[in-house]
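Number of protein chains: 2
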Amino acid sequence: MAAEFDLIETYLAPLAAGHSGAFGLKNDAAIFPGGRDKSVVVTTDTLVQGVHFLPEDPPDLVGRKLLRVSLSDIAAMGGKPFGYLLSVALPPEQGETWFAGLARGLAEDQSTFHVGLLGGDTVSTSGPPVLSVTAFGRVPEDRVLRRNGARAGDDLYVSGSIGDGALGLLVLQDRLAEVPEAAGRDLAERYRLPQPRLELGQALAEGGFARTAIDVSDGLVADLGHLARGAGLAAELWAAEVPVSPAALEVLAKAPEHLETVLTGGDDYELLFSARESQRESLVELAQQLDMPISRIGRFSKGEGVSVLSHDGAPLQLSRSGWVHFQNDPKNSK
Amino acid sequence: MAAEFDLIETYLAPLAAGHSGAFGLKNDAAIFPGGRDKSVVVTTDTLVQGVHFLPEDPPDLVGRKLLRVSLSDIAAMGGKPFGYLLSVALPPEQGETWFAGLARGLAEDQSTFHVGLLGGDTVSTSGPPVLSVTAFGRVPEDRVLRRNGARAGDDLYVSGSIGDGALGLLVLQDRLAEVPEAAGRDLAERYRLPQPRLELGQALAEGGFARTAIDVSDGLVADLGHLARGAGLAAELWAAEVPVSPAALEVLAKAPEHLETVLTGGDDYELLFSARESQRESLVELAQQLDMPISRIGRFSKGEGVSVLSHDGAPLQLSRSGWVHFQNDPKNSK
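From first to last, the protein sequence lines are chains A and B.
Going by my numbering, the first sequence opens with residue 1, and the numbers climb by one from there.
Going by my numbering, the second sequence opens with residue 335, and the numbers climb by one from there.
Where hints are given, some of them may not hold.
Calculated lysine to aspartate or glutamate pairs in the DMTMM-like style (CA-CA distance at most 25 Å, straight line) [stated by the list, open to error]:
id	chain 1	residue 1	chain 2	residue 2
1	A	Lys26	A	Asp6
2	B	Lys360	A	Asp142
3	A	Lys26	A	Glu9
4	B	Lys360	A	Glu4
5	A	Lys302	A	Glu257
6	A	Lys254	A	Asp174
7	B	Lys360	A	Glu304
8	A	Lys254	A	Glu241
9	A	Lys26	B	Glu638
10	A	Lys26	B	Glu475
11	A	Lys26	A	Asp109
12	A	Lys26	B	Asp489
13	B	Lys360	B	Glu338
14	A	Lys26	A	Glu4
15	A	Lys26	B	Asp476
16	B	Lys360	A	Glu181
Sample of chain B residues with no beta-carbon within 10 Å of chain A, all distances over it, derived [to be verified]:
id	residue
17	Asp549
18	His560
19	Lys588
20	Leu652
Quick caveat, the hints were computed from the structure, so don't treat them as lab data.
Don't be surprised by glycine CBs; every beta carbon is placed ideally from N, CA and C.
Next comes chain A alone, as it looks inside the complex:
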């Protein structure tokens, strides 16, 4: 592995080109304009090899997922991302090819999402690689999407489709029997490369469409729990209305018990949000404009707790952690 200085110069400095506040990564700090009437949105995510990704995972995909997970947090607040910091702790035996792959993946997604590398830190460790991204965005001060804004009577919506990420992980772990090859590939791809819903988040914030939002990372039921608790409300989720992809449908057709994986598995990075009933038409139009499914899947009401209802309105019994945790843990039930 090359020395820190060479790694930065060779692989990272090009990622900072054109971003004057990054000072070519020759500075210990970076600057960016504050921006009048704007709030800065900031989020950080850390991935550890062996915990969040595997040594054999393609490094470019690791880099892209790392960045996208943070961008998804920016999207959930309605922010427009502009830059990020990268901190890397690497063991001396880590191959330079791996680092080059990581940088290649970051470069690709930088251009997809119009963000630049502003700075970071590169150090050595005796343990597995630890990667942190801190991402920055801007949002008009009075338009930030928060987790506590839902009101009783609000509709509940989710973007895209739910469950692919969790099913994709099962595919990659060889834990999903008899899934057709093409469907398995689609699901694995969604797990490895989530799609941050930046355009949607910005449109929801700027148009004043949503009252509250979160990105679905812990699982649909658990993240709905976050919104319900944040607002001090009860929420119901209509399982039959939850959008699933064709690939997930193929899995569910053969193994209906995986409905629970879909509802609680997480790693979806779709936006879950609430809106007034009067916004229904606007949201249909927005979905058309953005060419992205937006599904109405439940509602908020006075009370507390999350109810998951089947198509006939009967409560569904779920046993997986996202749900059980929320039901039984006194810390989470307030």
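Given chain A, work out where chain B should sit, using these hints.
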């Protein structure tokens, strides 16, 4: 070790109290106001156990040094810090007492430096603890101190005293023979707990006193090299004018060869900066106002490279990396 959720709730959420943009650490992202006509200064530093600190180091001091190293980078740009993110990768066997100590140290320095915890990430690792702080500050847009602002004829100044950090590390490693006990304690303390020069940095930026600045972390000679290269100039450093503490003087009296440790050792976190000759009186006054030594230790001129001169003007021969690196490495000599 308690679960991530409990660690955050018990030890970290109190550090975010009173900072509304941190959302009680219940959000995946934080917000802060952009600030009209202000730039945001951001910097990140990562410490790895076994590399940057030792398992037996008091965890509160580890936390405080982690934060202070980042605050020193903010100081070098003239910024006023207001918050930080903390990312922690911990092995399952790490004691909760250790984490509590880390949080205690952070709490103490938060109140010293008026900053708040805005967010972060807590994950597990199979390797040693890896800690990252990303610190934020603000500085008027047109007053940011940069590394490339020196002009030929500028005076060179440094704050406080130089060499204590590097000598303190030798004391802690038992590599400094015959140092009196009190002096050894003072030096070790300076290594363990650097003092970010925030007031000075802000005064230099706001008063327009300095043309360029850097904090001394790599070593006085190496960091002067950064300023000289940044400006495309030569610099001379007058070794006899470099301020040393009484404790360092005691070491140098017995072991004059440690002058090289002082000049190249690093970990000083003092500010090294340039100013016009016409600012000499103002800087004497500023030193009095801040009750802090500011020493004139050299100057910039046309040309390239750093010359270290002894009291009679003869060049000093230094062999340690900071210096040799700069002289011999073609990448660094442009």
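For a quick check of understanding: which of the numbered hints are violated here, in increasing order?
4, 5, 16, 17, 18
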